[in-house]
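Asks: Spelled out, the chains give:
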Amino acid sequence: DTGVSQDPRHKITKRGQNVTFRCDPISEHNRLYWYRQTLGQGPEFLTYFQNEAQLEKSRLLSDRFSAERPKGSFSTLEIQRTEQGDSAMYLCASSLDLGDQETQYFGPGTRLLVL
Amino acid sequence: EDQVTQSPEALRLQEGESSSLNCSYTVSGLRGLFWYRQDPGKGPEFLFTLYSAGEEKEKERLKATLTKKESFLHITAPKPEDSATYLCAVQGYGGSYIPTFGRGTSLIVHP
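Chains as they are written, first to last, in the working numbering: chain A, 957 to 1071; chain B, 571 to 681.
Just so you know, these hints were derived from the structure itself, not from any lab. A virtual CB, placed ideally from N, CA and C, is assigned to each residue, including glycine. Careful: at least some of the hints might be erroneous.
[As the list claims (entries may be wrong)] Calculated pairs, BS3-like style, for lysine-lysine (alpha carbon to alpha carbon, straight line, at most 25 Å):
#1 B:Lys612 <-> B:Lys639
#2 A:Lys970 <-> B:Lys612
#3 A:Lys970 <-> A:Lys1027
#4 B:Lys649 <-> A:Lys967
#5 A:Lys1013 <-> A:Lys1027
[Said to hold, decoys possible] Now the in silico label distances, taken between C-beta atoms and shown as ranges:
#6 B:Ser588 <-> A:Arg1015: 37 to 47 Å
#7 B:Lys649 <-> A:Leu1016: 35 to 45 Å
#8 A:Asn974 <-> B:Lys612: 24 to 34 Å
#9 B:Glu585 <-> A:Gly996: 21 to 31 Å
#10 A:Glu1000 <-> B:Pro650: 22 to 32 Å
#11 A:Arg1037 <-> B:Pro681: 41 to 51 Å
#12 B:His680 <-> A:Lys1027: 46 to 56 Å
#13 B:Arg673 <-> A:Gln1010: 32 to 42 Å
#14 B:Glu615 <-> A:Gly996: 15 to 25 Å
#15 B:Tyr621 <-> A:Gly972: 45 to 55 Å
#16 B:Glu651 <-> A:Glu1008: 20 to 30 Å
#17 A:Glu1008 <-> B:Arg582: 44 to 54 Å
#18 B:Lys639 <-> A:Asn974: 39 to 49 Å
[Unchecked claim] Sample of chain A residues lacking proximity to chain B, with all beta carbon distances greater than 10 Å (derived):
#19 Asp1019
#20 Phe1030
#21 Thr1032
Just chain A, same shape as in the assembly:
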């Protein structure tokens, strides 16, 4: 397995447009997380899935953001009516929840620039 992959790696869009990002987790992992990271900050949690169920959303996730994980495999993060403040690195991570132990492995990220 080659790890977590994300597509696209870079996206430039105009304000008001919709964008969609894809994340393919490590195959046996049951949890998938989305984070947003801006310059000089650590990753900020957005949402996560346990298999296909979306269990938690951050208050950072406005109504313009939606995420799906059909069939518990890959996930998509869509941002509608993008704003300049949405410019950031969007990171996906996956993990295998073993009860008391869980380590997240990150993908390379999708860098979004909203003009």
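Following the hints, position chain B against chain A.
Replies: Same frame as chain A, now just chain B:
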């Protein structure tokens, strides 16, 4: 609410000059403390997970240690290729197990 504070924010070392990075945390029952390395423009790369006070883990020139209030990442005889941002995160048993990340320490190792 879980909190993570990393210090220093930035650190410049000469090649071979050993040092330590600090991660202070507050959490409602520690499920795990994680160290990641992040190169510019890339996703975080997993280094270590620590679960209980007194635990230590090593990988090449890096050694992570854990107490009930903080963790240290010791870098022995660093090389320029160790230059990166080092992120610390904690995951607690309170709530939904969502990890909280610090802002990171930016390390530059000069040859």
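Asks: In terms of Cβ atoms, is chain B entirely out of 10 Å range of Thr1032 (chain A)?
Replies: holds (18 Å)
Asks: Would you assess whether Phe1030 (chain A), listed as outside the interface, keeps its beta-carbon beyond 10 Å of every beta-carbon in chain B?
Replies: holds (16 Å)
Asks: If you check the beta carbons of His680 (chain B) and Lys1027 (chain A), does the distance land in 46 to 56 Å?
Replies: holds (50 Å)
Asks: Okay, Arg673 (chain B) versus Gln1010 (chain A) on CB: inside 32 to 42 Å?
Replies: For Gln1010 (chain A) against Arg673 (chain B), whose Cβ atoms are near 27 Å apart, the range 32 to 42 Å is violated.
Asks: For the pair supplied as a hint, Lys970 (chain A) and Lys1027 (chain A), is the alpha-carbon distance within the 25 Å limit?
Replies: violated (32 Å)
Asks: Quick check: does the Cβ-Cβ distance between Lys639 (chain B) and Asn974 (chain A) fall within 39 to 49 Å?
Replies: holds (45 Å)
Asks: Is the hinted range of 41 to 51 Å satisfied by the C-beta distance from Arg1037 (chain A) to Pro681 (chain B)?
Replies: holds (48 Å)
Asks: Do the Cβ positions of Tyr621 (chain B) and Gly972 (chain A) conform to the proposed distance bound of 45 to 55 Å?
Replies: holds (46 Å)
Asks: I want to verify a distance hint. Is the separation of the beta carbons of Asn974 (chain A) and Lys612 (chain B) within 24 to 34 Å?
Replies: With a Cβ separation near 26 Å, Asn974 (chain A) and Lys612 (chain B) satisfy 24 to 34 Å, so the hint holds.
Asks: Does 20 to 30 Å hold as the CB distance between Glu651 (chain B) and Glu1008 (chain A), or does it fail?
Replies: Check failed, 40 Å falls outside 20 to 30 Å.
Asks: Is the hinted pair Lys612 (chain B) and Lys639 (chain B) satisfied, with a Cα-Cα distance of at most 25 Å?
Replies: Violated. Lys612 (chain B) to Lys639 (chain B) sits at ~29 Å, over the 25 Å cutoff.
Asks: Within 44 to 54 Å or not, the Cβ separation of Glu1008 (chain A) and Arg582 (chain B)?
Replies: Holds, since Glu1008 (chain A) and Arg582 (chain B) (Cβ atoms, about 46 Å apart) stay within the stated range.
Hint compliance for this structure: hints 1, 3, 4, 13, 16 are not met, and every other hint is.
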